[in-house]
Amino acid sequence: MKQLLMFLLTCFVFHSAYAICKIKVRTAKVSVGENSLKYIIHDDGSWSGLTIDLTKALLEEAGCQYTFHPMPWKRALADLEDGHIDMMMNFSFNKDREKFAYYIGPMDEEKMILIVQKKSNYQINSLEDFKKIPVKFSFERGAYLGKVFDNKLKTDPEFKKKFSQFSGGDITNYERLALGRMGGFIADKYEVAIHLKKFPQLIVHPFTINHDWVYWGISRKSVSAETILKLYQAYIRLKDKKSLEQIVHQYAKLQ
Amino acid sequence: MNVRRTLGFQLLVAVFSVYIFVTMITTITQMYIEWTNAEDEIKNDLISLQNSFESGIALALWELSEEQTQRIARGIIYFNIATGVQIEGKRIKVQLGEKGDIQHKFEIIYTAEEVGQRSLGFAIIYSTRKLIFDRVKYSYISIVVNAVLKTFLLWVIVLLISHRLITLPLRKLTHESQTLDLEKVDRSKKVNIGLDRRENELTLLESSFNNMVQKLVKSRSELDRVNQNLEIKVKERTEELKLAKEKAEIANHAKSEFIANMSHELRAPMNAVLGFAQLLDTLVTDSQQKRYLHSIQTGGKSLLTLMNDILDLSKIESGKIHIQRQPTHLHNLVEDASNIFSLKLSQKHLKFIQEIDENLFPALMLDPVRIRQVLLNLIGNAVKFTEEGHIKVTIKQKQKEESVVDLIIVIKDTGIGIPEKEQKKIFESFYQQAGQDFNKYGGSGLGLTISKRLIEQMDGVLSVTSEVGKGSVFKIALNQVAIAPLEEADVAEKNPLVKKEFFKPATILIADDVESNRELLAEVFKDTEINAMVAANGQDALLFAEEHLPDLILMDLKMPIVNGYEVTRLLKSNNNTKHIPIIALSSSITENEEELHKKYGFDGSLPKPVSFTNLFLIMSQFLAIETITEKPKSFGLEEQSTQSVPLIAEVVRDLPKEWKENMKQAINRVDVKQINLLINQIQEQDAQLAETIKMKVDNFEYQDILAILQF
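Protein chains in written order, with numbering that gives the first Met the number 0: chain A, 0 to 254; chain B, 0 to 710.
Among these hints, one or two may not hold up.
[Stated by the list, open to error] Below, simulated DSS-like cross-link-like pairs (lysine-lysine); rule was C-alpha separation at most 25 Å, straight line: (1) A/Lys55 to A/Lys110; (2) A/Lys153 to B/Lys92; (3) A/Lys28 to B/Lys350; (4) A/Lys153 to B/Lys89; (5) B/Lys391 to A/Lys220; (6) B/Lys343 to A/Lys94; (7) A/Lys118 to A/Lys160; (8) B/Lys183 to A/Lys220; (9) A/Lys196 to A/Lys160.
Treat the hints as calculated values from the structure; they're not laboratory data.
Just chain A, with the same shape it has in the complex (with noise of 0.2 Å):
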C-alpha cells in the first residue's frame, strides 16, 4: 500500500514538471516573399522574422510547443480574450488588455509613424492637425497606437473620422495611398523602410505617432499559471543570456 502511494505521488510530481505546453501564436498575415522583417512564411510553412525569433526563443527557452497562427489583429484581440489563441506578439499595454491578457516582456520597440506622399505637405504636429486635412488617413483595425491617440479617438468623433481601419499586414496599402486614394497610413516604422523601396513617391512624415515598448500578451483564459510562469521564467533566463539582443541585432543589420 506504501509502495502504491509512493508511485502515486511520483506521477503527480512529474506530471506538472513535464506538462505539455502547447501555445498557439497570432501571427500577421502575409504572403510567401511578401517583404516583412519581422513576419516572414517560408515555402514549407515555417516561420521568421525578427518578431517570430524572439517568441521562438521565448517558448522554446519556456519548453512549450508552438503554432503560428495569421490573423487580423483585432480578430487575434477577441480570439485571445475568448482563449482561442493563447499569445500575441508586439502586444502594447493598456489597461483594458490586462483585463485578458498578461503581459510578458518588453520584447521590442515599437515606433508608429505616418506615410504619406512626397507631394503632400501635410502641416501635422499634433494629433489636432489631423483634423485640417482634408483627407483621410487609416490604420490597422484593431491597434493601439498609444493612450494620447487612443483618448483621441474616443473622444473626438471629428478626429475619429479622419481615420478608417484596415486589416493588419495589407501592404496594399502603399499601393492605395501611391495611387491617391487616402492621405496616408500609420504603420510601424521597422518595416515600412523596405516598402518605400517600391513606391519612391512615398515617404514617412516627420511627425510620429506613438513611440512605446511591446510585449507579448498572454491570454488570461486559456493559458494556465503553470505556463506564464515558465514564460516569466524563460524570458528572464532569455535576458540573462542576452540572446533576445543578439536576435535584435542579427535583423538590424538586415534593415
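Please build the complex by placing chain B on the supplied structure of chain A, with the hints as guidance.
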C-alpha cells in the same frame, strides 16, 4: 310545347355544376401551390443571399470589422427580398431594416486553414409575405382568368355539342311527334333527327319512333277499314231499324185501326143485343127465360164495360190521352154525377152528401172530361158497394199562392169496405177484390186503374183508406191547380145549362156518308141562324166547300170515294179554302187530335156520337155567337141530390107527348140513331136531361129511360 329547360341545358347545368366545383378546387389548389412555391422561392432567394453574403459576413466578423459588417448588411437589404437583416456575433451586432413575418436564420462559420472552422455567430435575413402576394398576384389573376376562360369555352363547346347531339335531335323528334297527324301521314313518312352517321341512343329512339309511326299508320288504316265496315253495318242496322220502325208504326196504326173498328163494330151489335135483351125483359114472363135473359144482359153489359175500359186503358198506355186543362166547374161535375146516379141512389135509399168548400173558386184549370170520368167511376163504385148509409163527396182547397190551389176531393161511402191487404191491389189492372161477387157487382176491374192513371197524368195522387164493413175513402190530391181567370171562368159559365147562346148567321158544311148522321146534325141547326149544307161523300164536300166557302166544316173521317182526311188535306192546301175551320167527326175514339191537326190540318175534333154540348163549345171557337142569360130549367143545382128524381119527373112531364112516344118506340126498337136524334131535339130545351138520357143510352140502361118517360 316550349321547353324552358332543355335536356341539353339540364345536362350542361349538371356537368358544369360538377365542373365548376372541380375547377374551384383545382384553382384553389393551384393558387395554394403557387403561394407555397413563391414562399419556397423567397426562402431559396434568402438562401441565395446567405450563400452570397455568408463568407463576407464571416470575414467581417472574423476581422471584427463592424464597418464591413454594416456594409454587408446594407448590401443584403439592398435586395428587395430582404426587408431586414440581423447579424449577431459575440462582439458585433448589426441590425438593419425591419423584421418580417418570414425569416431565414443561418450560422456564421469562418473557415481558414490556420484556424479551421469557427462559428462566429448567426445572421437572420427577414422577408415578408407581402412579397409572396406581390409575386403570386399576377399568377393568381392568370389562374382565375384561365379557369374562367376555360370554363366559359368549355361551356360554349359543350353547349354547342349538346345542342347539336341532344337538344336538336330531341327537339326535332318532339316536334315530329307533336305535329304527327296519323290521318295524313303515309307509310313512307320517316323522321330524320340529323344523326345519320352516328349510332347512339337517339338514333335508336329515332328508329323506334319511325317503327312506331309505321305501326300506328298500319293500325290507323286497319281502324279505318274496321270503321268503314262498322259504318256500313250501322247503316244496314239503321235501315233495318227504320224498316222495323215503319213496320211497327204500320202495325201500331193497324192496331189503332183495329181498335177503332172494333169499338165501332162491337158497339153496334152490342147495342142491339143489350137493347133488345132489355126490351125483351118486359115481354118474357117465363121465369127460366127471364134468368137466361138477365144472364145475357149482365154478360153483355160486362162485355161492353170491359171493352170501353180496355180501350181507355189502351189509350192511356199508348200516351194518346192528353190532359186538356180548361176552366172547370167542380160544382157542376159533382152535381152531374149526383143526377146520373140519382136513380140508383133512390133505389138503394142512399144519401148523397156534398160538402164543398164554400171558398172554392168557381172554376179551376182542370180537364173536365177526365175529372168527370174519374168522379163517375169513384162515385159509381161507392154506389155499387154501398147498401145502406150514404155517399159523401167532399171538396177542399188550400190556396198556397195567388194563382194556384191544392185540391182535395174525397169520396167516402159506408159500403162493404176493402181489406187492408187488398187496398194496394185494387189499382192493378183487372183486379177485383177477393171474394167479390161478380154477378152482384160486375165490373171489368179496370175502373180504378184508369182513374189512378188519369189522376197521375194530372200530376195528382189517388189513394184509398178503408175498413171492412165500415166503408171506403178515396182521396184525390191535386196540387198546384191553376185558378181560372175570371173572364175564363165566365166562359166556363157558358154551359148551356145556365145560359142560352145563339150563333150569329153562318154557313156550315156537314160531310158524312151516313144519312142519319147528316140529318141529325142538320136537325140541330134547324132553328138557328146557321145554314147547314150537307155532303154525302168527300168529293161533294170538296165541290161544295170550294163553291160556297162555308164558315165551318164538320167532316166525317170515313167516307167513300175520298175520305175525310184527304178532303181536309186538299182544302187546307187550297188558298181559297185553307182558312175554313174543319172539325173532324170521328167514330173512332183512338184518333189523336194533335195528330189530326199536325198531319192533316184539322182545327178540332169531336168523337161520335157527337155531344151537342161539345159541338157547341168547339163551334163557338170559330163562329160568332150571341149570349142571352136566363134562368134555365135545371135539375135543381141548389137542391140535395136525393130530390133529383121528382125534379126529373117534373122536367119529363113538360116534354112533348110526341117526343116521349117517339123515344119509347125508338128504345123498343133499339134504334140508337133515332134515340140520339130525339135526345138532340131536347138538348136545347134541357141539356141536363139530354145528357142524363144519353149516358143511360151509352150504358144501355133502357129500362131506366123508359121509367123516366113514365112521368
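With a cut-off of 25 Å on the C-alpha distance, tell me whether B/Lys391 and A/Lys220 pass. violated, 166 Å
Checking one constraint from the list: CA of B/Lys343 to CA of A/Lys94, max 25 Å. Satisfied? violated, 184 Å
Could you grab the alpha-carbon distance between A/Lys28 and B/Lys350 and see if it respects the 25 Å cut-off? Distance of about 179 Å is beyond 25 Å: violated.
Keeping to a limit of 25 Å between CA atoms, is the pair of A/Lys55 and A/Lys110 held or broken? holds, 23 Å
For the pair supplied as a hint, A/Lys118 and A/Lys160, confirm whether the alpha-carbon distance does not exceed 25 Å. holds, 23 Å
What's the verdict on A/Lys153 and B/Lys89, does the C-alpha distance respect the 25 Å limit or exceed it? Distance of about 21 Å is within 25 Å: holds.
Tell me if the straight-line CA distance from B/Lys183 to A/Lys220 falls inside 25 Å. violated, 121 Å
When you check the alpha-carbon spacing of A/Lys153 and B/Lys92, does it fall within 25 Å? holds, 20 Å
Taking only the CA atoms, is the gap from A/Lys196 to A/Lys160 under or equal to 25 Å? Violated: A/Lys196 and A/Lys160 sit about 30 Å apart, past 25 Å.
Hints 3, 5, 6, 8, 9 from the list above are not met by this structure, while the remaining hints are.
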